[in-house]
Structure formats: structure tokens, C-alpha cells
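**Student:** So the sequence shown is residues -25 to -1, 1 to 511, counted in mature numbering (1 follows the signal peptide of the UniProt record, and there is no 0).
All the given hints hold, so there is nothing to weed out.
Computed list of lysine to aspartate or glutamate pairs in DMTMM-like fashion (alpha-carbon distance at most 25 Å, straight line):
1. Lys154 with Asp354
2. Lys68 with Glu399
3. Lys377 with Glu406
4. Lys377 with Asp463
5. Lys147 with Asp167
6. Lys370 with Asp463
7. Lys180 with Asp15
8. Lys370 with Asp338
9. Lys276 with Asp177
10. Lys434 with Glu406
11. Lys187 with Asp177
12. Lys68 with Asp497
13. Lys180 with Asp137
14. Lys68 with Asp393
15. Lys95 with Asp441
16. Lys95 with Asp2
17. Lys86 with Asp8
18. Lys95 with Asp497
19. Lys340 with Asp149
20. Lys275 with Asp177
21. Lys86 with Asp15
22. Lys161 with Glu406
23. Lys187 with Asp244
24. Lys151 with Asp15
25. Lys434 with Glu399
26. Lys370 with Asp393
27. Lys275 with Asp249
28. Lys126 with Glu1
29. Lys275 with Asp137
30. Lys126 with Asp36
31. Lys162 with Asp386
32. Lys95 with Asp137
33. Lys161 with Asp386
34. Lys95 with Asp463
35. Lys126 with Asp137
Hints are computed from structural coordinates only; laboratory data are not their basis. These numbers were taken from a predicted model, which means no experiment stands behind them.
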Amino acid sequence: MRSEKGRSWCWIALALLYMEGVVVAEDPYRYFDWRITYGDIHPLGVRQQGILINGQFPGPDIYSVTNDNLIINVHNHLPHPFLLTWNGLQQRKNSFQDGVYGTTCPIPPGKNFTYTMQVKDQIGSFFYFPSLQFHKAAGGFGGIRILSRPKIPVPFPEPAGDFTILIGDWYKTDHKVLKTILDHGKKLPFPDGIQINGLGRDGAKFTVEPGKTYRLRICNVGLQNSLNFRIQGHKMKLVEVEGTHTIQTTLSSLDIHVGQSYSVLVTADQRAQDYYIAVSSRFTTQILNSTAILHYRNSKKTVSGPPPPGPTADISWSLNQARSIRTNLTASGPRPNPQGSYHYGQINVTRTIRLANHAGLVDKKQRYAVNGVSFIPADTPLKLADYYNIDGVFKVGSIQDKPTGRNIHLDTAVMGADYRAFVEIVFENRENIVQSWHLDGYSFFVVGMDVGIWSPASKNQYNLIDAVSRCTTQVYPRSWTAIYVPLDNVGMWNLRSQFWARQYLGHQFYLRVYTPVKSYRDEYPIPKNALHCGRA
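From just these sequences and the hints, can you work out the full model?
**Tutor:** Written as C-alpha cells, this is what we have:
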């Protein structure tokens, strides 16, 4: 019989082997090789020069699973610099890969750069797009889906199919002409239409089997307008918002603001024929409309009748829908523990930041600003300047924590923040349009939104239990939205308007989340293949 001492050593050895396996085992790698070119596209029936990825418009989907490593080799065959950014991927400890000019040098013409990222502890629906030179108006965007690991339960049965639907307002005008208009200090005209997966009216078709349920991942990849999405004769069940499983609410239509992503389930439970998928602009004097087709495989009848009408133009309808979107506290997240176990409402806020958008002229040119500061790019990516301690590129504190009331001025705006702080950010919209804000590197809790002016008393209506966690939030006209952000990701992170002309003309800044302790535990070192430019 084995002695007690022998059995103890056996258990220790097994434990050590297990621990070693946990430490050295790597998560799967997924490799992508993309060539960026110009090519002819026809999203609104007019031939245009668009940005293609491996000859595709929109670009290919990125399909991945929680914790996968993504190796994306991007070859720039355009005649000017190019960058892709990843709308919603948190880039844990790795803002060098964020793909905006404040963190990453552009890929020169004829050169390539390999993004190396891990979708660490993430699930959900996101998208990528070009971040330089108003390229977003020419295409170059595509969907990102991150599935849960097989052992992690998902709060709904596996759907029969999974569709990415990229919607957005669109111009027939060439993107270089649009950029020139902005460079001359003018406002852009109203968009010409809406594209759905790169096609115009009735162009896109999604085929379903009768009786089966499908997941639609809907992303507003447009330039400025909020859009409403609905399906003729069908209900939608909301199940996920930018990486968060939601309370499953049945909807007839869904407002999707620019830069946002949603997942809904749709069951093909109607008579076998074709049905309209309708998309229309929201809160605009001129209403843009477009349609796609939901096609039953055994359909003998094409679409008939008018597309389903959109909801009322009353802001309160949309506001109430937004407030109803909440986290499913019983669902597992990327990890086995429930997402709701993070009691964000019980954490003390260490700082309140109030951000107000401004529009005005500077030197007779149109500019947009945050707290009176209109962002201008530096000659060197801010993250590189920070890493190499290059003086004179930017100054921490060049934008204040609250609106100043002063006239707009130009600066390379960087706001400092402490690692592991827990901050409240209040977006104050003083204009008559819907604003949309995005923070790279993070998900945040949308704890409150309402019309009128925010005050400390507004905290009394915050949702401190099951607010949805996401990376892009809307702010309604003459309204405010409040978010809570746990600053647990060291780096230089872009906080911007998703209204792309405004972003281009200064409606953005960078949040420098800093710790004086240099440790790979907190932030990865600069990649070996990092491009260098400017003073770096």
C-alpha cells in the first residue's frame, strides 16, 4: 500500500503539472492576410471608387472565440497612408494596436503592418473601419464576431445561422471630395442614402429556413445618422449589445445610433415568402430609407406592399427604448462567473468628468470641440511620444474636466487619468442633434440619460444595478448621458464623436490612463514590428 507521504507527493506533482499546463498553454491563433485596394463599388447604384479588402466591399468578417489571438497582416496598396481601428475590441494593455493616429503610425503606401491582438475576456458583436483621411466614407469596414468558448453557457439556444448586417448612411460623392470640403472649413451636405451590406434598396438578401431562428448582428457603420431597423411581419428579440448579454426584450423596431452594434434573434415563423428589412434615418428633416430582403428558402412570392413604417419621431420613444436595455445578470459572460457579480453601483466614484460638445468657427473654418478644445493631430503619435519620453508633442491636462465656457481653441487635447480609478463621465449635449460617443479600450456602464441639464441631483435616477455595459453611447438633443468607467486598462485611449465629420474636425481627445509602475502585468511593451514616424 502507498504511504501517506507518497500519496502527498503524487498530488503535489499532479498539481504542478496542472499549473504548468495552465501557464504555458496558449489560446488559439487566427491569421488574416488583407490587401487594401481601391475598386469600383455601387452602394447607391452609382459607380464610385471604394476601399476594398481582398477585393471585398464590405470587408471580410473577423470570426473568433473569446481569448483568441488575432494576427492581421494589412498590406496597404492605396497611394496614401492607411490605418484600421477596431470598434469595441478592448486591446487589453495594448493601445499600440488601437489603429488610430494617436497611438499607431500610419501604414505607408506599398508597406504592411501586422496587428497582433487578443480578444481577452470578450464576447459579442463589433466592427472595424479605416480611421484616417475620411476613408470611412469609402468603405474598408467589416464585422467582428466573438463567440463564447464552448464550455461557457449562452442564454439562448444556438441559432440556425448568424448574419452580420452593416448599415449606414452613404454619400455618392467621392470620399476625397468630402475630405476637401472639410479641409476647407465647410460642413458636409446631407447624405444621399443608406447602404445595407454595401448595397442599396433591395440589394442585400438574407435566406432563412422556415421555423428556424437566426442571429442578426447589426452595426451602424455610417458617418452621422442614427438609424432604425425593423423587419416586415417579424418581431426581434434583443440578446446582446457590444459584448453584454441583455435582458431579452421583444421589439418591433430598434434604434441603432452611429457606431453602435446589437444582436437580435429572429424566428422565421411567418408565411413562406419574402419580407422587407427596412432601415431609415432618425430625427432628420429629410428621411432616408433603404431595404433588404428576408428570403424564406421555399418562398414563391416576392416582397409586396410598402416596407414597415418607422416609429414616431418623438425623442421620448427612443429614450425609453434605450433605458429599457439592461444587462442580463443571470447570464455568463466571457468567464464562468456571471457578469452581474460586478457590483459597480457599490464602488465609490473617484472623479466626475463633464464633457460638452461645441460647434463653431476658428479662423473662419468650421470646427468641433470638447470642453472648448478642438483636437488637432500632433506630428507624432501620442503613444509613441509617451513611450519614448519625447517632449513637446502633447501636454497632459490640455483639456479640462468640465466645460469652460470659453471660445473654441485648437490643441492636441490629452486628459490624464490614474490607473484603477473609477470615474463618472457625463456627456452634455447642447445641440439639437443626436450625439454618439465612443471610448477605445473600454466598456463602460451607461447608468443614466435624460433630457435637460445634468446636475448632481441627476444621480438619484441612475441605474446602479443592471445598466448595460458597452463602448458607444448616444446623447439625445439638449440632453445628457452618464457613464461609469473602471479605468483598468493602461494606455493612450481615444474618446471621440462617432459623427465622423465632427471627429475629423476636432470632436475628440485622448485619455491617458497612467501608472508610474512599469510592469508587463499592467501594459505590454511596444511591439517589435511597431512602425515609427514623426519625432519617434
